[in-house]
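Asks: Residue numbers (the working numbering), protein chains in the order written: chain S, 548 to 841; chain R, 1471 to 1582.
Take the hints with a grain of salt, since some may be wrong.
[Claimed, not checked] Sample of chain S residues facing chain R (criterion: CB under 10 Å; computed from the structure):
#1 Cys-626
#2 His-629
#3 Leu-631
[Claimed, not checked] Subject to a maximum C-alpha distance of 30 Å in a straight line, what follows is the list of computed DSS-like cross-link-like pairs (lysine-lysine):
#4 Lys-811(S) - Lys-759(S)
#5 Lys-1532(R) - Lys-595(S)
#6 Lys-828(S) - Lys-705(S)
#7 Lys-759(S) - Lys-549(S)
#8 Lys-706(S) - Lys-601(S)
#9 Lys-621(S) - Lys-1532(R)
#10 Lys-706(S) - Lys-637(S)
#11 Lys-612(S) - Lys-1504(R)
#12 Lys-1532(R) - Lys-1504(R)
[Claimed, not checked] Beta-carbon label-pair distances, calculated as ranges:
#13 Gly-1555(R) - Glu-662(S): 32 to 40 Å
#14 Thr-687(S) - Asn-1553(R): 29 to 37 Å
#15 Thr-636(S) - Asp-1562(R): 28 to 36 Å
#16 Ala-618(S) - Thr-1503(R): 40 to 48 Å
#17 Ile-1564(R) - Glu-780(S): 49 to 57 Å
#18 Pro-1543(R) - Ala-597(S): 34 to 42 Å
#19 Asp-614(S) - Asn-1553(R): 20 to 28 Å
#20 Asn-1553(R) - Cys-724(S): 52 to 60 Å
#21 Thr-687(S) - Ile-1564(R): 40 to 48 Å
#22 Glu-662(S) - Ser-1575(R): 47 to 55 Å
#23 Ala-618(S) - Asp-1540(R): 43 to 51 Å
#24 Val-1580(R) - Gly-649(S): 46 to 54 Å
Since the hints were derived computationally from the structure, they do not count as laboratory data. No residue lacks a Cβ here, since even glycine has one placed at the ideal position from N, Cα and C.
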Amino acid sequence: MKIAVASGKGGTGKTTIATSLALSLVGLGEIGYWDCDVEAPDGHIFLKPAFSRKVQAVINIPQIKEDLCLACGKCVEVCQFHALVNIGTKILILSQLCHGCGSCTWNCPHQAITEIPRPIGMIESGLTDEGIHFSRGLLTISEPMSTPVIRQLKHENKKEGEGESIVILDAPPGASCSVVETLHGADFAILVTEPTPFGLHDLRQVAEVTKKMNIPTGVIINRQQTSYPPLDEFCDHFELPVLLRIPFEFAIAEGVAQGETLVKMHPEFIIHFQNIFETIKLAGIDNITGKGSA
Amino acid sequence: MIIVISSSKPQLESLVDRRFGRSPWLVVMDSATKQWQAIQNPGAGHSGGAGVAAAQCAIDHKADMVISGDFGPNAANALRGANVGMTLFANDSITVQQAFDDYISGRLPVYP
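Here chain S stands alone, though its shape is the one from the complex (with noise of 0.2 Å):
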């Protein structure tokens, strides 16, 4: 059972509830939680495991044997991110641009290109005090890409751990190619959101996202002080369920300032968490059985 956290807008909670969720249901089975924010990664602020094991994030880029190259311009015709000039008499590489993607390798008449890693970032992994398998990606400042990051952090735990039964992702903000990348392969997504116009905006684009990827969602309403109508309206419309709404509280956000969750400040919420997990699990059975949003 994999469950993403998500929002559209950032800075909504995402992490706050994403680590509280993970803490939640330890004892319910093997808890992975995997930071895929891996522009900023933030929740080991809050879950302070022991990295045990690092490796390289790599993205292979196309290489040119020179010998072979007659600069015919195929592959910088395939590459849809313009990756590859053609200069008439060779090939430049402008490797920041290159996403990976292996079509200029596949497409060269003449067998002209093989790859290389470039190195882009880290996997780092390790346990936390409750025995929660935390792994998250880092993307080397400076770096443009961080999907291909986050792809690797996924395969990588795949690899590792068979045995976590229940994954928390804990998604970036926005409702681009690294949303998307984390969200593929989700159960279920906990949208986080706030009740102001922003919050509904992003949040919006983001449930579109997750429509189209047809994986059940529901939505967490943090700082909520006063009610925002257009937010319920819409969650209503859309068929959002709203899970929890968290008062706005300056200590909260203290707490949360200095590296403390949420439950550990309000445990009454451990109860809560674990109910939406309850709710999760029979919307994943509903979809299986055709009854569910998708």
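Fit chain R to the given chain S structure using the hints.
Replies: Chain R only, in chain S's frame:
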């Protein structure tokens, strides 16, 4: 020599466009024959790598010099690799013809 200028419209009297990768048009001018043509910038509609697509277009048209408002690092690397020179126009309220004339008379700064 072949000179490519980023332009807002496909005429010599059009205002230049300061964006190299996303200008709607690239005007290709031959200083020897005075012939010119306007080409739709292939980079203009791309979500990424626009500058490189525009650079490839200039390279394919055998450009010796490209004149624009600025060049991104990828476009600059591509043009440099193909030995195409880069020149900046000081302001973008001039026409393509003026940019061409200014360059020929040595009044435009070369891109570092």
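Asks: Next, verify each hint and record whether it holds.
Replies: Hint check results:
1. For Cys-626(S), the interface hint holds, since its Cβ comes within 10 Å of a Cβ in chain R; the closest pair sits about 8 Å apart.
2. Because the smallest distance between the Cβ of His-629(S) and any Cβ of chain R comes to about 3 Å, under 10 Å, the interface hint for this residue holds.
3. Taken as an interface hint, Leu-631(S) checks out: its beta carbon lies about 8 Å from the nearest beta carbon of chain R, inside 10 Å.
4. Annotation: proposed proximity of Lys-811(S) to Lys-759(S) is violated, straight-line Cα distance about 36 Å (limit 30 Å).
5. Distance hint between Lys-1532(R) and Lys-595(S) is unfulfilled; the C-alpha atoms sit about 58 Å from each other, more than 30 Å.
6. With a C-alpha separation of about 21 Å, the suggested pairing of Lys-828(S) with Lys-705(S) holds against the 30 Å cut-off.
7. With a C-alpha separation of about 18 Å, the suggested pair Lys-759(S) and Lys-549(S) falls inside the 30 Å cut-off, and the hint holds.
8. A distance of roughly 14 Å separates the Cα atoms of Lys-706(S) and Lys-601(S); the hinted pair therefore holds under the 30 Å criterion.
9. Proposed proximity of Lys-621(S) and Lys-1532(R) is supported: the alpha carbons are some 19 Å apart, at most 30 Å.
10. For a cut-off of 30 Å, the pair hint linking Lys-706(S) to Lys-637(S) is broken: about 40 Å separates their Cα positions.
11. For the suggested pair Lys-612(S) and Lys-1504(R), the alpha carbons sit about 40 Å apart, so the restraint of at most 30 Å is broken.
12. Our distance criterion of 30 Å between C-alpha atoms is met by Lys-1532(R) and Lys-1504(R), whose separation comes to about 15 Å.
13. Our hint of 32 to 40 Å for Gly-1555(R) and Glu-662(S) holds, since their Cβ atoms are close to 33 Å apart.
14. A hinted range of 29 to 37 Å for the beta carbons of Thr-687(S) and Asn-1553(R) is consistent with their spacing of about 31 Å.
15. For the pair Thr-636(S) and Asp-1562(R), the supplied restraint of 28 to 36 Å holds, since their beta-carbon distance comes to about 34 Å.
16. Against the hinted window of 40 to 48 Å, the Cβ-Cβ separation of Ala-618(S) and Thr-1503(R) comes to about 27 Å, which falls outside the hint.
17. Between Ile-1564(R) and Glu-780(S) the Cβ separation comes to about 52 Å, which falls inside the hinted range of 49 to 57 Å.
18. Restraint check, Pro-1543(R) to Ala-597(S): a C-beta distance of roughly 40 Å satisfies the suggested window 34 to 42 Å.
19. Between Asp-614(S) and Asn-1553(R) the C-beta distance comes to about 22 Å, which sits within the given range of 20 to 28 Å.
20. Distance hint check for Asn-1553(R) and Cys-724(S): the Cβ-Cβ separation is about 35 Å, which falls outside the suggested range of 52 to 60 Å.
21. In this structure the supplied range 40 to 48 Å holds for Thr-687(S) paired with Ile-1564(R), their Cβ-Cβ distance being about 42 Å.
22. A hinted range of 47 to 55 Å holds for the C-beta pair Glu-662(S) and Ser-1575(R), which are about 49 Å apart.
23. Against the hinted window of 43 to 51 Å, the Cβ-Cβ separation of Ala-618(S) and Asp-1540(R) comes to about 28 Å, which falls outside the hint.
24. At about 38 Å, the beta-carbon gap between Val-1580(R) and Gly-649(S) misses the expected band of 46 to 54 Å.
Violation of the numbered hints given earlier is confined to hints 4, 5, 10, 11, 16, 20, 23 and 24; the remaining hints are satisfied by the structure.
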